[in-house]
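Protein sequences appear in the order of chains G and L.
Per this note's numbering, the first sequence runs over residues 141 to 466.
Per this note's numbering, the second sequence runs over residues 552 to 857.
Hints listed in this document are in silico derivations from the structure and should not be mistaken for laboratory results.
All values reported here derive from a predicted model rather than from experimental measurement.
Hints are supplied without guarantee of correctness; some may be wrong.
Below 25 Å or equal to it, Euclidean Cα-Cα: the simulated SDA-like pairs (lysine to any residue) are [what the hints assert, rightly or not]:
#: 1; chain 1: L; residue 1: K792; chain 2: G; residue 2: R262
#: 2; chain 1: L; residue 1: K740; chain 2: G; residue 2: F450
#: 3; chain 1: G; residue 1: K302; chain 2: G; residue 2: L312
Label pairs and their calculated CB-CB ranges [claimed, not checked]:
#: 4; chain 1: G; residue 1: T223; chain 2: L; residue 2: N821; range: 15 to 21 Å
#: 5; chain 1: G; residue 1: E428; chain 2: L; residue 2: E730; range: 30 to 36 Å
#: 6; chain 1: G; residue 1: S390; chain 2: L; residue 2: L708; range: 54 to 60 Å
#: 7; chain 1: G; residue 1: R385; chain 2: L; residue 2: Y640; range: 52 to 58 Å
#: 8; chain 1: G; residue 1: R352; chain 2: L; residue 2: T608; range: 28 to 34 Å
#: 9; chain 1: G; residue 1: A353; chain 2: L; residue 2: L708; range: 47 to 53 Å
#: 10; chain 1: L; residue 1: Y672; chain 2: G; residue 2: G291; range: 22 to 28 Å
#: 11; chain 1: G; residue 1: I232; chain 2: L; residue 2: F819; range: 46 to 52 Å
#: 12; chain 1: L; residue 1: V847; chain 2: G; residue 2: R360; range: 40 to 46 Å
#: 13; chain 1: G; residue 1: F230; chain 2: L; residue 2: N821; range: 22 to 28 Å
#: 14; chain 1: L; residue 1: V622; chain 2: G; residue 2: L309; range: 55 to 61 Å
#: 15; chain 1: L; residue 1: Y640; chain 2: G; residue 2: T223; range: 53 to 59 Å
#: 16; chain 1: G; residue 1: A353; chain 2: L; residue 2: L718; range: 51 to 57 Å
#: 17; chain 1: L; residue 1: R638; chain 2: G; residue 2: V299; range: 29 to 35 Å
Here are a few chain L residues that sit away from chain G, every Cβ distance over 12 Å (derived from the structure) [claimed, not checked]:
#: 18; residue: L562
#: 19; residue: G611
#: 20; residue: A629
#: 21; residue: Q690
#: 22; residue: L696
#: 23; residue: I707
#: 24; residue: R717
#: 25; residue: A745
#: 26; residue: V782
#: 27; residue: I783
#: 28; residue: L799
#: 29; residue: G817
#: 30; residue: A831
#: 31; residue: A833
#: 32; residue: G854
The beta carbon of each residue, even a glycine, is placed where N, CA and C say it ideally should be.
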Amino acid sequence: MFRETTVNTALVAILVAVPLVAQAAGEPFIITLATKVAIFAMAGVGLNIALGYGGLVSFGHAAFFGIGGYAAGILASHAQSYTPLMTWPFAIGGTQQMLIIWPVALAASGIAALVIGALSLRTSGVYFIMITLAFAQMVFYFAVSWPAYGGEDGLPIYVRDKFPGLNTLDPLQFFAVAFACFLLAVLVSVVLSRSRFGLALQGARQNVERVRAVGIDPYRLRLVAFVISGMITGLAGALYADLNRFVSPSMLSWQTSGEIMVFVILGGVGRHFGPLAGAALFILLEHELGSVSEYWQFLLGLLLLLVVLFAHGGLIGVLTRRPHRD
Amino acid sequence: MSAALLIEQALNGLQFGVMLFLMAAGLTLIFGVMGLINLAHGSLYMVGAFACAAVATATGSFWLGLVASLVAAALAGAIMEIVVIRRLYRRDHLDQVLATFALILMFSEGTRWLFGSFPLYLDVPEILSGAVALPGGVQYPLYRLAIIVAGIGVAILLFLLIGRTRLGIQIRAGEADREMIAALGVDIKLLYTAVFALGAALAGFAGGLVGTIQSVQVGMGEPVLILAFVVIVIGGIGSIKGAFIGALLVGITDTLGRFLLPVFFGAFMNASDATAVGSALASMLIYILMALVLVVRPGGLYGAGT
């Protein structure tokens, strides 16, 4: 019906147009919603690398989303209270500069993904799903029971972190930051999927034995993909913390893992802009159904069930009438 | 720390483990026979707890409530299987995860709509209230002791059902080769529904039993579900025996860890730091146990391998 490129272009155009129109109409709340879509979509782009290209059904990506968020929250809280993060062996203070926070968030979520991935990838199939879920739950309970950074109550970021040359407190300018990060993440996923690495990864999803036969170790391939996937989701988490100016264990909860998965699958697994379509639809539904019924999650569940049972290939699959990607 | 307190905590761990077994047994049975991962198993636990609380409050009889928890969960499970789950057996795990995630949303919101957001509370029945004196000067609540006995009783019944009855033979045959038993004239659709309802009833029974220990509220099922996953991963998917050993291991490790670790750190730290470090580490203990089992035996203790 439509070419996939047409659908993708339209999606991105809508994502850019909505905040611009909202700015003109004086509706800052709509801009915040669009920012949320861009950030959620980015988290989905991260998961899509593991799930879509690698075939690794991770039900624990909330761990990376939350760790990225806590990286931002912890650094900002130290900067706000003027207390050093650590004093030994060398002194490190907090910071409110996004350009410093982001590498820290990427590193922290990358290390977490390396440890969780190295253990979880020893198994496959349904074990992998349960184990990633369990490890994410471990991080969740750790955040709840560790009192130093707010524990169950979470951690506020009083003033949004700064980006050189921009006023991040202005909704439109913060949207621009989030949107640029999202586009960068999509670019990484496109380049990755077309590289030799990406082809081998997709080969390992389709037929492990053949990949092994040409001398490639699928374990290392998948681990690298899992780490990159976790890092992108982690960066999205750092942005989400800044959007809400608040970090709490709920970012680490199993529901968040489920929602990130929903963005990917609702949009279409293994499609570069699938997570954008999925996240946009999710936020739209949350708002439209929320006004129809207090129990909107029931309707969301029903819709999700119908999509899984009857609409193959997600939203992009339906729009392009090509339920299976090439 | 006295020996009596330690014994009490160990018994609490045993009781927790027995509850986890009831959840994990259903999950592992359903996975073993149908190859299905069911996230909505926690919802069936919640259905059982709410059915027990509602019926017990309405009739004044805890025992009727317990029966209701079994019936309601089995019924909900059977309906779930016939309407939705049946279409998922041939799908990949990703579709199963998403569809059953959607079912969780529907069950949770449906329950919130029916019962409201406020937690319900259940009283311990008269005959089981109070404490019993155990050897060693331990005073232990009779009700928790009854849960341990009931759970072990159900475990024995389940082993007999799987190992000694015709239904059990069919279930084991279904795990080994579903085409073959279909060809031998077993109604495979009916068998699948029966297995699913059996698993659901076990989860509902667990939910009904804990209703007097903790508050009955929406969302109570998923934390237990995830712990049951840990149990299955440790025990090995598809093995009832693995689920039993894994459940006791997880229950006792978790309960004793929460009790002993703060005491342990208290030996060389100040009290508030020891509590913080101890409780943070204790909350991670079972996952560390899982990671260790994975490193040594990726297929679980009694699993057939991955």
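#### Entry: Violations among the numbered hints, reported as their numbers in ascending order
Violated: hints 5, 6, 7, 8, 11, 12, 16, 17, 26, 27, 30, 31, 32.
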